[in-house]
Amino acid sequence: MNWRVIKDRLIANAMLILSITSVSFVFLIGIGLYWRAAPLFEEQTLLSLFSGDEWAPSKGKFGFYPFIMGTLWVTLIAIVVALPLCLLTAIYLAEYTKSSIRNIILPLVNILAGIPPVIYGVWGIFFIVPIVRTYVAPVFAAHSSGYTVLTGGVVLAVMIFPILVSIVSEVLRTIPKELKDASLSLGATKWETIKKVVLKQALPGIVAATVLAVSRAFGETIAVLMVCGNVPVAPASMFDGGYPLPALIANNFGEMMSIPLYDSALMFAALLLFIIIFLFNLISRIILNRIESKYSS
Amino acid sequence: MNIKKRKAEEVVFKALMVSACVVVSSSLFLIVGTIVAKGLPYLSWDMVSKVPQGGFYIGKEGGVLNAIIGSLYLAGGATVLGLLLSIPISIYLNIYLKSGSPLSKSAKLAYDVLFGIPSIVYGAFAFSIMIWLGVRASLFGGIIAVTLLIIPILVRTLDEVITTVPKELKHAALSLGATRWEAAKVILRQIKPGIYTAILLAFGRGIGDVASVLFTAGFSDNIPKYIDEPAATLPLAIFFQLGSPIPEVQGRAYASALILTIIILAIVIVSHVLAAKQTKHKI
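As you go down the protein sequences, you meet chains A and B in turn.
Heads up: the first sequence at position 184 corresponds to 184 in UniProt numbering, and the numbers run straight through without jumps.
Heads up: the second sequence at position 87 corresponds to 87 in UniProt numbering, and the numbers run straight through without jumps.
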């Protein structure tokens with residue numbers, strides 16, 4: 001056989017192995033984390049891990065309830081803040097502006113995706129924390145240090161701007177022009193067309209973008225850890241401090257080796273994050289791929 | 001509904017959209033502005049040219065050169081390693097496999113999902129591998145964690161770039177009797193600017209990430225000489241110094257944040273320039 005063909009085949013096999021190995025990391029990560037977390041399951045049931053609200057590693061008590069609630073609070077606040085802003089921005093960019101303005105604003109928003117989390121954290125401490133402490137909390141008659149789940153949520157909201165704005169405006173671009181024209185020619189105003197035709201069509205894409213943003217917010221660690229207060233108690237209001245799961249892992253990694261089961265508990269937290277984010281990403285990517293292939297065909 | 005009311009609704013929502021747009025696009029300036037305002041007064045030549053001296057963490061002499069170099073080593077090493085793995089992968093998925101083959105489809109989906117996995121999970125996973133292999137927290141451990149983190153970024157970016165190359169180019173090469181590997185080399189030459197963009201993206205992500213290096217790279221006041229020594233990283237240096245009660249040390253955290261922001265913005269600007277060049281020369 002020709003040497004060139006042999007070379008081609010050899011390289012093909014090498015690259016096939018490489019591709020399969022790297023793809024299998026999706027499963028390897030899950031298996032690896034489960035393996036490290038497994039000792040915990042021998043001691044406690046899943047239910048008691050989720051519902052227990054006492055976190056005392058030295059006494060062998062690992063209740064994840066406060067951390068799960070902390071994560072849910074910051075994520076929920078981030079979405080509530082970011083979603084309306086980003087939807088309006090994406091609609092404006094896709095339907096109202098000229099492409100010259102769009103070409104300035106979209107890159108600006110996308111740069112946000114490149115800013116390191118720790119910079120967001122520093123910004124949160126000097127910008128959002130004082131605002132929450134001196135302006136927002138007093139309005140609700142709450143006394144607060146400023147290091148609250150609200151602060152964490154707002155910082156996270158800014159972090160998910162790029163993902164929401166860029167995906168939603170992409171999705172809006174896939175809406176056929178004929179649909180909009182039909183609605184406009186029937187006498188609907190532009191906003192009515194958007195509200196009743198465009199958004200209805202774009203709904204699956206918007207849901208997918210939101211799910212992606214939620215999973216991004218779920219896993220964000222350092223920025224949230226820096227502004228959230230890190231109190232291991234389930235927050236009762238948005239002016240309470242919280243302690244999200246990723247922050248729990250990051251804060252306690254140093255000391256975990258000295259206490260039995262502590263590292264398993266932290267690996268369980270990582271496994272939990274991994275499973276939730278894996279599922280969320282999988283679902284939303286499948287929806288988005290379907291939209292894309294429909295658009296390109 | 002009468003026409004006046006409908007018009008009013010239009011006006012109200014348009015105003016809302018404009019203000020949302022202003023809020024979203026101004027947040028970048030707010031962040032950079034805050035960092036510059038806080039960091040600039042503390043920025044000095046010592047900061048970028050010296051490693052921590054004795055008593056650095058109680059406010060004495062020194063800088064964060066160890067962290068800057070550590071971060072460059074770490075992100076640089078991970079980017080090189082990541083490229084060595086991801087270029088063959090994206091060539092295989094796009095050039096060797098027929099488009100729409102089940103393997104290529106599911107692999108791309110897998111990379112999309114891996115792209116969304118947070119860095120703390122990669123950090124935890126890399127840490128358990130390190131325990132398994134008996135590796136201490138070191139530059140090597142950090143490079144492994146960051147490589148895992150940036151491979152999805154590299155593959156996805158390269159993938160996007162390769163799809164912009166006209167299919168005819170591949171077909172022409174193959175029909176002239178070239179093997180797939182030779183066709184791949186032609187296409188690689190075509191996407192060179194895109195590869196630079198991917199490198200910059202991955203490098204930027206690697207240099208800024210904390211959660212993945214928190215337990216894998218360790219921390220050290222010295223510039224690492226060997227790959228098995230612990231290495232400081234810039235984001236981690238910011239994080240540690242910020243936690244100090246001493247004002248001078250905190251000030252240095254702000255200055256370090258400014259240094260990191262400048263590095264990131266420089267990377268963004270260079271990659272935009274490259275992207276502009278690429279569209280100019282596109283066939």
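Hints in this document: simulated from the structure, not taken from any laboratory.
Take these hints with a grain of salt, some might be off.
[Said to hold, decoys possible] In silico lysine to any residue, SDA-like type, Cα no more than 20 Å apart, as pairs:
#1 B:Lys167 - B:Gly194
#2 B:Lys98 - A:Leu28
#3 B:Lys98 - B:Lys170
#4 B:Lys108 - A:Lys7
#5 B:Lys170 - B:Leu97
#6 A:Lys7 - B:Ile87
[Stated by the list, open to error] Footprint (simulated), chain A over chain B, 3 or more residues, beta carbon under 8 Å:
#7 4-12
#8 98-112
Keep in mind it's a predicted model, so treat the numbers as computed, not measured.
Note that CB positions come from ideal geometry on N, CA and C, so glycine has one too.
Results of checking the hints against the structure:
1. B:Lys167 - B:Gly194: Roughly 17 Å between the alpha carbons, so the hint for B:Lys167 and B:Gly194 holds.
2. B:Lys98 - A:Leu28: Distance of about 27 Å is beyond 20 Å: violated.
3. B:Lys98 - B:Lys170: Distance ~12 Å between B:Lys98 and B:Lys170 Cα, so the pair holds.
4. B:Lys108 - A:Lys7: violated, 26 Å
5. B:Lys170 - B:Leu97: holds, 12 Å
6. A:Lys7 - B:Ile87: Satisfied, since the Cα-Cα distance of roughly 17 Å is no more than 20 Å.
7. 4-12: With 4 residues in contact (Cβ-Cβ under 8 Å with chain A), the coverage given for the segment 4-12 of chain B holds.
8. 98-112: Three-residue rule met by the segment 98-112 of chain B, so holds; n is 7.
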